[in-house]
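Peer 1: Residue numbers for the sequence shown follow UniProt numbering, so the first one is 1 and each next one is one higher.
Among the hints, erroneous ones may be present.
In silico lysine to any residue, SDA-like type, Cα no more than 20 Å apart, as pairs [unchecked claim]:
1) K276 with L257
2) K276 with D218
3) K276 with H262
4) K276 with L147
5) K276 with Q245
6) K276 with R252
7) K276 with M228
8) K276 with S118
9) K276 with A208
10) K276 with E261
11) K276 with D264
12) K276 with A266
13) K276 with G148
14) K276 with S179
15) K276 with A185
16) K276 with P286
17) K276 with L259
18) K276 with D256
19) K276 with P265
20) K276 with V263
21) K276 with G227
22) K276 with A253
23) K276 with E249
Just so you know, these hints were derived from the structure itself, not from any lab.
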Amino acid sequence: MNASRIALVTGANQGLGRALVEGLAARMGPDDLVLLTGRNARRVSEAAHEVVRSPGTRSRVEGRVLDVADADAVSALAGELRDRHGGVDVVISNAIAPLLPERSQAEQADAFIDVSNSATHAVLRSFGPVLRPGGRLIVVASTLGTLGHLDPRLHPLFDCASLDQVEYAVESWRSAVHSRTAEEAGWPRWLNVPSKVAQVAAVRAVAAERRERDLSDDTLIASVCPGMVDTRASRPWFSDYSHAQTPAEAARAVLDLVLAEHVDPALYGELVRFGKALPWYGGTPPTEQDELLTP
């Protein structure tokens with residue numbers, strides 16, 4: 001990577017995003033800059049100030065307001081970093097809109113898809129071109145992101161697709177949710193499953209186009225599964241947290257991948273969990289019981 005590095009984390013006010021910023025700020029150098037981003041100006045400012053004052057912080061940390069659901073805002077920030085710094089070295093796309101069990105999945109679909117999927121597409125489109133040689137562009141997903149978690153009828157929408165095709169599939173899914181035809185077409189009732197598959201498919205699409213060039217200059221594009229993490233977004237869905245990681249613990253493996261001295265070609269473009277690539281065709285669709293347990 002470059003001598004003076006620029007890192008950016010989305011959805012970084014709290015939880016895993018905040019822990020990723022803290023970890024980067026502790027492990028990067030005094031000349032490096034870590035940008036903590038989020039939608040709420042007050043929360044961004046407070047979080048950045050707290051990280052700056054943390055005794056473990058070594059690098060510079062700045063808060064930046066960024067609504068990742070606004071593709072123009074994402075593009076503008078990428079352009080600014082290109083013009084001011086010549087690009088960016090680390091981008092971690094982590095923002096997510098929480099799902100609430102007490103509300104129907106359909107009524108939460110737009111906000112969830114806008115942040116989890118449309119924003120992922122915007123980050124890949126805007127920051128991919130300004131990623132400096134030796135850089136890292138990481139999308140936080142989950143083990144649900146493997147293709148096998150979808151009904152086989154849906155596999156052609158995401159397998160070996162371009163980013164344009166993934167975007168089209170996501171919007172088709174969104175329309176099916178609103179027209180109440182999603183289950184008939186094979187889409188899982190729980191939004192998180194197709195959303196995560198689409199995130200990983202989008203990363204794979206971009207990585208497929210860049211693989212040879214990126215590996216030649218030690219650049220990594222990948223998605224990651226941080227494992228079960230005890231956060232505000234995940235707590236409503238689980239009753240047993242005895243095996244959950246703290247955000248700081250979960251951030252450690254992600255940052256080991258981000259800050260590794262060299263890129264492992266076996267991980268390029270893949271969904272990575274604790275340093276190992278998960279099989280793209282792995283997983284099984286949710287069972288009827290799983291669906292019934294999902295509001």
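Peer 1: Just to be careful, I want the Cα atoms of K276 and E249 compared with a cutoff of 20 Å; is the pair within it?
Peer 2: holds, 17 Å
Peer 1: Take a quick look at whether K276 and L259 sit within 20 Å of each other, Cα to Cα.
Peer 2: holds, 15 Å
Peer 1: Mind checking the alpha carbons of K276 and A185 for me, to see if they're no more than 20 Å apart?
Peer 2: Given pair K276, A185 is violated - Cα atoms ~33 Å apart, limit 20 Å.
Peer 1: Does K276 pair with R252 here, judged by a C-alpha cut-off of 20 Å?
Peer 2: Given pair K276, R252 holds - Cα atoms ~14 Å apart, limit 20 Å.
Peer 1: Taken at face value, is the distance from the CA of S118 to the CA of K276 at most 20 Å?
Peer 2: Not OK: K276 and S118 at ~27 Å, beyond 20 Å, violated.
Peer 1: Is the hinted pair K276 and S179 satisfied, with a Cα-Cα distance of at most 20 Å?
Peer 2: Violated. K276 to S179 sits at ~39 Å, over the 20 Å cutoff.
Peer 1: Would the pair K276 and D256 pass a check requiring their Cα atoms to be no farther apart than 20 Å?
Peer 2: holds, 12 Å
Peer 1: Mind checking the alpha carbons of K276 and G227 for me, to see if they're no more than 20 Å apart?
Peer 2: holds, 12 Å
Peer 1: Given the hinted pair K276 and H262, is their alpha-carbon gap at most 20 Å?
Peer 2: Roughly 15 Å separates the two Cα atoms, so the pair holds.
Peer 1: Going straight from one Cα to the other, do K276 and M228 come out at no more than 20 Å?
Peer 2: Holds, because 16 Å separates the two Cα atoms, which is no more than 20 Å.
Peer 1: For K276 and L257, compute the direct alpha-carbon distance and say whether it is at most 20 Å.
Peer 2: Cα-Cα ~10 Å, so holds.
Peer 1: Taking 20 Å as the top limit, are the C-alpha atoms of K276 and V263 close enough?
Peer 2: Judged against 20 Å, a Cα distance of about 13 Å means the pair holds.
Comparing the model with each earlier hint shows violations of hints 8, 14, 15 and 16; every other hint is respected.
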